[in-house]
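There are 2 protein chains.
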Amino acid sequence: MNSSENMKARLLDYIEAFNAADTARVTALFAGNASVEDPVGTPLKEGRSEIDAFYAYATSVGARLELMAPPRGSHGNSASISFRVHIAAQDGQPAYIDVTDVMDFDAAGKIVRMRAYWGADDYHLSAAAG
Amino acid sequence: MNSSENMKARLLDYIEAFNAADTARVTALFAGNASVEDPVGTPLKEGRSEIDAFYAYATSVGARLELMAPPRGSHGNSASISFRVHIAAQDGQPAYIDVTDVMDFDAAGKIVRMRAYWGADDYHLSAAAG
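Those protein sequence lines, which keep their order, are chains A and B. For the first sequence, the residue numbers in full-length UniProt numbering are 1 to 130. For the second sequence, the residue numbers in full-length UniProt numbering are 1 to 130.
Worth flagging that the hints you see were computed from the coordinates, not collected in a lab. Just to be clear, a hint being listed does not mean it is correct.
Stated by the list, open to error - Stretch-level coverage of chain A by chain B, calculated; a stretch enters the list once three of its residues show a Cβ under 8 Å from a Cβ in chain B:
#1 20-31
#2 37-44
#3 64-72
To be verified - Label pairs and their in silico Cβ distance ranges:
#4 A:Ala9 <-> B:Leu67: 18 to 28 Å
#5 A:Arg25 <-> B:Ser60: 40 to 50 Å
#6 A:His124 <-> B:Asp13: 31 to 41 Å
#7 B:Asp91 <-> A:Gln93: 48 to 58 Å
#8 B:Met1 <-> A:His124: 13 to 23 Å
#9 A:Ser49 <-> B:Thr42: 46 to 56 Å
Said to hold, decoys possible - The following residues of chain A were derived to be distant from chain B, with all beta-carbon distances above 12 Å:
#10 Ser3
#11 Ile15
#12 Gly47
#13 Thr59
#14 Val112
#15 Asp121
Source: prediction; values computed, not measured. Glycine included, C-beta positions come from ideal geometry on N, C-alpha and C.
Please take these sequences and the hints and turn them into a complete structure.
Quick look at the structure:
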């Protein structure tokens, strides 16, 4: 079984790699047979090529993930992390999405399942700067 | 489908009812066939009587849930909430557990599945007061 500490360290790696726009470092955290459901309730991205394409795009749009609380482990092979995704709205106005990711890990310590919890109402325009 | 807004309102009800030690109000949020996995990786509490017993105990020990971030919805029938559980350690010293709950809702808006993500390393003794 994965230790809770190791899973949480991988989740922090994920945030750091994403914020560095280092697509290869992000996707290296995933197993070849992984699935990504982002947001939960939409079709899965499955397997290496779909996950690579998803993160190539996601890391290309200037999004920045702000950690909102310490990651949580479990007594199984799952861990979770909550963050705010800072983005620009279509008109360039700052916006953000509140997200919680749940990741399941395989025996090799790779992510095999990622589920991102956020709804349409978790998208907000940021307060205007003074 | 449940609206993201409704699911998030139910999660905030859960926190409020738990902090009021109102066991009946907490368990009324659950469907009769619900399962609770708390923490993830341990055996399920299943069905009305096991869930009632679990929350009768959980709300009896003086735990207080502190919301750490806004709840998150999804594009499906799931939502998540992250909080800190303030408790007393066995010797009476203040302690806390960092937890993220993921809840799945049925068509009637009741919780049918609850999974609480926290590991042994998410338990901390609180800093001593000055």
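Do three or more residues from the segment 64-72 of chain A put their C-beta atoms closer than 8 Å to C-beta atoms of chain B?
Satisfied; 4 residues make the cut.
Given as non-interface: A:Val112, which should sit over 12 Å from chain B by C-beta:
holds (15 Å)
12 Å Cβ clearance of A:Asp121 from chain B:
With a cut-off of 12 Å, A:Asp121 comes too close to chain B, as the shortest Cβ separation is near 5 Å.
Falls inside 40 to 50 Å, the C-beta gap from A:Arg25 to B:Ser60?
holds (47 Å)
Holds or violated: 18 to 28 Å for the Cβ distance of A:Ala9 and B:Leu67?
holds (26 Å)
Cβ-Cβ distance between A:His124 and B:Asp13: within 31 to 41 Å?
violated (22 Å)
Whether the CB-CB distance between B:Asp91 and A:Gln93 falls inside 48 to 58 Å:
holds (52 Å)
If I take the minimum Cβ distance from A:Gly47 to any residue of chain B, is it greater than 12 Å?
With a cut-off of 12 Å, A:Gly47 remains clear of chain B, as the shortest Cβ separation is near 21 Å.
Supplied distance hint 13 to 23 Å, evaluated on CB atoms of B:Met1 and A:His124
holds (22 Å)
Are at least 3 residues of the segment 20-31 of chain A within less than 8 Å of chain B when you compare beta carbons?
Answer violated; 0 residues pass the 8 Å Cβ test.
Is the Cβ of A:Thr59 farther than 12 Å from every Cβ of chain B?
It holds; A:Thr59 is separated from chain B by about 21 Å at its closest Cβ, greater than 12 Å.
Quick check on a hinted range of 46 to 56 Å for A:Ser49 and B:Thr42, using CB atoms only.
Since the Cβ atoms of A:Ser49 and B:Thr42 sit about 36 Å apart, the hinted range of 46 to 56 Å is violated.
Hint violations for this structure: numbers 1, 6, 9, 10, 15, all remaining hints satisfied.
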